[in-house]
Amino acid sequence: MSKVVQFDPHPAQAAATQSPLHHVAAKPAVGETGVTLTERAFLDHLIVRGEPGVLAGAVEAVLGLELPTQPQRLARNETGSLQWLSPDEWLLIVAGGEGFRLQRELREALGEAHFSIVDVGGGQTLLELSGKHAVEVLMKSTVYDVDPRHFPVGKGVTSVFAKATAVIRRVDESRWELVVRRSFADYCLRWLLDAGEEYGIAHQPTQPAVASHRQTVTDTETVS
Amino acid sequence: MSASSQTFRLAPKAGLGGEIDRDKPLRFTFNGKSYQGYAGDTLASALLANGVDVVNRSFKYSRPRGVVAAGAEEPNAIVQLGASEAAQVPNVRATQQALYEGLSARGTNGWPDAQRDMMSLVGKFGGPFMPVGFYYKTFKAPASLWMTYEKYIRKAAGLGRAPGESDPDIYDHMNRHCEVLVVGAGPAGLMAALTAAAGGVRVILCDEQETFGGSLRDRDETIDGLPAPEWARQTIERLAAMANVTLLPRTTANGYHDHNFVTLHERRTEHLGDTAPMVDGRRRSRSRLHRVRARHVVLASGAHERPLVYAGNDVPGNLLAGAVSSYIRRYAVMPGRRLVLSVTNDHAYRAALDWQAAGGEVVAIADARANPDGELVERARAAGIRVIAGSAVIEATSDRKGHRVNGARVAAIDIEGFRLSGEAEVLACDTIASSGGYSPVAHLAAHTGIRPVWRDDILGFVPGQAVDPVKGFSVVGGAAGVYALPALLEGAAVKVTQALAADGIHVDASEPPAVESIREGEAIGLYHVPHDKPTMRAPKQFVDLQNDVTAAAIELATIEGFESIEHVKRYTAMGFGTDQGKLGNINGMAIAARCLGQTIPETGTTVFRPNYTPVNFGAIVGRHCKELFEPERYTAMHQWHVAHGAKFEDVGQWKRPWYYPQRVNGKLESMHEAVARECLAVREKVGVLDASTLGKIDIQGPDAREFLGRIYTNGWEKLAVGKARYGLMCKDDGMVMDDGVTTCLGDNHFLMTTTTGGAAAILEWLEIWHQTEWPELEVYFTSVTDHWATMTLTGPEARNLLAELTDVDLDRDSFKFMEWREGVVAGVPARIYRISFTGELSFEINVQANYAMQVWESLFAHGNKYGLTPYGTETMHVLRAEKGFIIVGQDTDGSMTPEDLGMHWCVGYKKPYSWIGKRALTRSDTRREDRKQLVGLKPLEADVVLEEGAQIVFDPKQAIPMRMVGHVTSSYYSPTLERGFALAVVKGGHKRLGERVYLPMADGKTHAAEIVSPIFYDPQGSRQNV
Amino acid sequence: MFHIYCPYCAEYREEEEFHPRGQAHIARPADPEATSDDAWGDYLFFRDNPRGVHHELWVHAVGCRKFFNITRDTRSYAILETYRMGERPTVTANGPEAVPSATATLTGALA
Ligand SMILES: [Zn+2]
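Protein chains in written order, with this note's numbering: chain S, 55 to 278; chain B, 6 to 1031; chain P, 315 to 425.
In isolation and in its complexed conformation, chain S is listed as follows (with noise of 0.2 Å):
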């Protein structure tokens, strides 16, 4: 038996998925559409921890990333985004079905090495924030500095959001990510929605999805 098992989540056939914010209608913004929220769901979602020495190398190569050792960073390519969230945590977002082959790639690379990689993906969601107004919607709902002269492109924290809690990162000029655990979803959305009234906001869902997402392996055998 090895010493760490790893978990293939995604069904093997079509199966029915629902994203933590499945029951939350689209919805046009009144008048001008100054923000607009983007639900990114059924994406794979990793906790990679470990010390950066060990970890650098074996991220480079399997996903052809510099490992971000500067607090708060996020470095991204066409294979995902990779944040820094402590200086032995990194958050890596993958497509979804990619992250359980990512895992045992990078599990390969590093071998008896101490480390710990976690799949989250069904724990958390991504909402997309955009228009000329969602500095001012994150300003009413975190304590964290977001002005753009402060958070400059590439940049993602941690910090309080409303009374839950959200990663926030800044992927381009006009888009800001929000990454949310499942259970507060729903308070987050309906949070942003009240909050970015004022400047018009439209919400665009997820669609629901049939599909599968495992792309690589059909198997859950487990590597050490």
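Honestly, the hints are just simulated from the structure, not real lab data. We treat Cβ as the ideally placed atom computed from N, Cα and C, and that holds for glycine. Treat each hint with caution, since some may be false.
Examples of chain S residues toward chain B, derived with CB under 7 Å [claimed, not checked]:
1. A115
2. G176
3. W245
4. E251
Derived pair list, reagent style PhoX-like, types lysine-lysine, alpha-carbon separation capped at 20 Å [as the list claims (entries may be wrong)]:
5. S:K57 x B:K728
6. B:K736 x B:K916
7. B:K870 x S:K217
8. B:K660 x B:K631
9. B:K690 x B:K406
10. B:K406 x S:K217
11. B:K943 x B:K888
12. S:K209 x S:K186
13. B:K690 x B:K870
14. B:K1010 x B:K943
15. B:K723 x S:K57
16. B:K631 x B:K406
Let chain S serve as the given structure and place chains B and P with the ligand on it in line with the hints.
Chains B and P with the ligand in isolation, oriented as in the chain S frame:
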């Protein structure tokens, strides 16, 4: 109502009424009467324009009161705003409230109404009947009656009232961060903001007034060749055009908190109407709380003029000198016809000059100084105004009702000797304006603990040094006691430049603006004007108009032995409540000092506290109300529970199904009926519980097992891969803090479950030990609570149902109790744990939460024939209690050891490492035999369900107070046992099985119960092992 | 409302992101079984409450989740320094020699 009714409005003239728009008349009502004003008016200026003298009744003596000031320091004109019940806003200063069409306001005080004021009787004879400390002395004894008195006193005193209906408006918060926050947009504030903005840093400039400019709005000087008001306008325009500058008018800095955190209250729509107007069909907040974290705070809050304390100084028609100028210049309102001015300084002469220029009669200026000689004094004399040197108004006389000043008694005074030095002369007039100098507005600085210090040169308190100087705080302009325009502008620029330089930000010091200045003579201190009678017998001389504190009251307080100014404040109520001593504090302290034979600095000042002016609850709450009051956490099956009629229980922030009432014969089941049905379904067939809320922590690393051994009370060395174990956690004091099942996934890989409420705290608990005590252990913890959806399938038919949906071999010998397997359930990859919290055969199915509904619905699609029943937390509680399984936090309260709970089997005394809690379990107190121990209770009457929390006694016949020996922790009706049963803690209970105890109840009944084992059902545990 | 420099995130963050966890530098006795009842009681229950310089344990709960120490003046609430686990304060009431010895640089916890 026509504009001509505004009998105190001046005819249009250049330099007058620059802030009103005569083309935009507005209608409003006050105390039910209709009036007209103009756009740009405040409620106060519009009332004065209409000749409304009495705007309120005073707080304690119910005396008629009129407008005194023109800003936030107004003590009298405090109104209740709102045309409808839902729009009621109490404690609004009429001097700060912009007029809008349809505004409706009432004076705050006076009950049952202003006309038939019951309290005026007290006011009239108030002298002897309501001395200082009146409430303390009269109504506090007997204490039990205070509750009764208070209701009427509060009502009569009228502190404003909250709306009786739900507020239709919304409110919000905005978090802001900046390098420089400038509080106050007068000359110093504008200069500070300009300087900081030139450095390219983020600047926020706020001012509580409708219009920026502060004293520049009423000044005569020219700046850079422009009249002061025009310079202010152009400067504001420049600032508004800069991207790094945020201007917040109508915004009061109300609280200055630690580390340069300042709360600003922005009134966004209060000037537009009773409720916030919609914009393009969208709601916007009525007011907003800005939570500002600033690198530097520049306090430019200016100074408040001090009124003089003389007899009758509260009668309508007594105003501050500066307010008279403001009303004339800003609003073209002259609040009277014949003015007597009483001053101690040059600056206040402007009131008389403005009055005369506007066409009013200045009867005289009483100047307390022997030889006034400044430029403005000369101007007044040149204009033919009579200046009576060395004198003051010692008393205002009034009409019979006290509704308006009708004369001023002026006499020569000896300030040092506190007596008159000549006969009083009576001057007929309808208005008395006074100025006793200026008090820097040091309130905000005091919020952070900075004590104000007295300065003899400016006769006022300025913010002093903090115990440890607050980084990034400067005071400029009037708030720092700098009043002369050139010095004030230059000082503001220099201080901001220096502050930024400390941060390495260079600002090009441009030339300060050229100011034509006015030579002013020296001012004199006068805090209490003597009267021909001694203070105690003179007509009332008010120090604090809002709280009705007189000079005599302060004198009496010192005579009665109050020597600390903080005690005098509390005894007299001076500077209490929404007033915060804006006008009266300095005079009051100076009077106390004189009575105590001390100097003002020896007496000191009281401390000001947030908030500077009242903030409505809406702004404090923001959008944290109604459906956004608290986060509601949902599981992946939440919408199904809603659709199936579940009643929910709040567990922490989670919404958990409590029970699922069914419609039986057209009638919805009661909770008791639903729970009974759900319990029997589990015991006899199969039930399913949404257990997703349990905390789950993924633990990886070579030292994971060692770590578990240190954190749990029981052993983990031998737990094989594929197996699970119940674990108990203690704090290091030996008391149980959490429990749960932890599974060995791999040699270096465990999944810990925690209680629903303990999830976040336990993760932090693991981290604190790892990070602070055992960093050498190689282990990582990651929360996976939300990742997994968990469905507990339990009951005799659980295996048969699950077998239809999974490829996992569920045979009792290949998949044993306390083991886990991986497989597919309803097409979805799953981990199945064979653990039981009900005592029945159970399988806990875990899948990635996005796939939860596919599995949940498949269970029901196949479950009908097995009688599958969803059950909620109440049934879960009954079933676990029947088995004697504890709930941490219900059956424990932070004072129960594992042994108190009878869980010796879960304590590994022989483990090599001295695990958390072990050492404390051998302390003498934890070894006591009479500790409260967990037992079962069987009520003698089967249908009795004991009250949770009920106290237990051994002898029901003893005298009250009885000796209590324990209490009920969990109690239910068991449909399976067909009787009530309970878990309880009882002193020495483990050795008392079979004994009888009693539970005396509040209604006089006493229940009897037998102490039994806490395991009421299937004590051998055979049912979960099938 | 404190503004706290997290030594791990290397920037100032708002107090809402942090939890205080009591006095810093309380080491769990290395051999609990050899520790007297009195000494164990001291470790469990007794804490300093100085007027002035105080060392406190905090956690950046909504952030990097790391524990660290704060030296704070309890009179002015000024934070004089923050430092990582395993490090020693540079500001103390009686100078650096007054800081607990090496074994105590790891901070014990008792909630
Ligand atoms: Zn941090």
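These are the hints, each one checked on the structure:
The restraint placing A115 (chain S) at the interface with chain B is violated, with a minimum CB-CB distance near 21 Å, outside the 7 Å limit. Interface hint status for G176 (chain S): upheld, as the beta-carbon distance to the closest one in chain B is roughly 4 Å, under 7 Å. The interface hint given for W245 (chain S) holds, since its Cβ lies 6 Å from the closest Cβ of chain B, which is under the 7 Å cut-off. At its closest, the beta carbon of E251 (chain S) sits 5 Å from a beta carbon of chain B; the interface hint therefore holds under the 7 Å criterion.
For the suggested pair K57 (chain S) and K728 (chain B), the alpha carbons sit about 14 Å apart, so the restraint of at most 20 Å is met. At most 20 Å may separate the alpha-carbon atoms for a hinted pair to count; K736 (chain B) and K916 (chain B) meet this at roughly 17 Å. Proximity of K870 (chain B) to K217 (chain S) is assessed by CA-CA distance (about 44 Å); at most 20 Å being required, the pair is judged violated. Of the supplied pair hints, the one linking K660 (chain B) and K631 (chain B) holds, its CA atoms being roughly 16 Å apart against a limit of 20 Å.
Of the pairs offered as hints, the one joining K690 (chain B) and K406 (chain B) is violated, with about 86 Å between alpha carbons and a cut-off of 20 Å exceeded. Between K406 (chain B) and K217 (chain S), the direct Cα distance comes to roughly 55 Å. Violation of the 20 Å bound is thereby established for this hinted pair. The suggested pairing of K943 (chain B) with K888 (chain B) holds, with an alpha-carbon distance near 14 Å, which does not exceed 20 Å. The suggested pairing of K209 (chain S) with K186 (chain S) holds, with an alpha-carbon distance near 19 Å, which does not exceed 20 Å.
Our distance criterion of 20 Å between C-alpha atoms is met by K690 (chain B) and K870 (chain B), whose separation comes to about 10 Å. Among the hinted pairs, K1010 (chain B) with K943 (chain B) is consistent with the structure: their alpha-carbon atoms are about 17 Å apart, no more than 20 Å. Annotation: proposed proximity of K723 (chain B) to K57 (chain S) holds, straight-line Cα distance about 15 Å (limit 20 Å). Pair hint K631 (chain B) plus K406 (chain B) does not hold up; C-alpha atoms about 48 Å apart against a cutoff of 20 Å.
Of the numbered hints stated above, those contradicted by the structure are hints 1, 7, 9, 10, 16, listed in ascending order.
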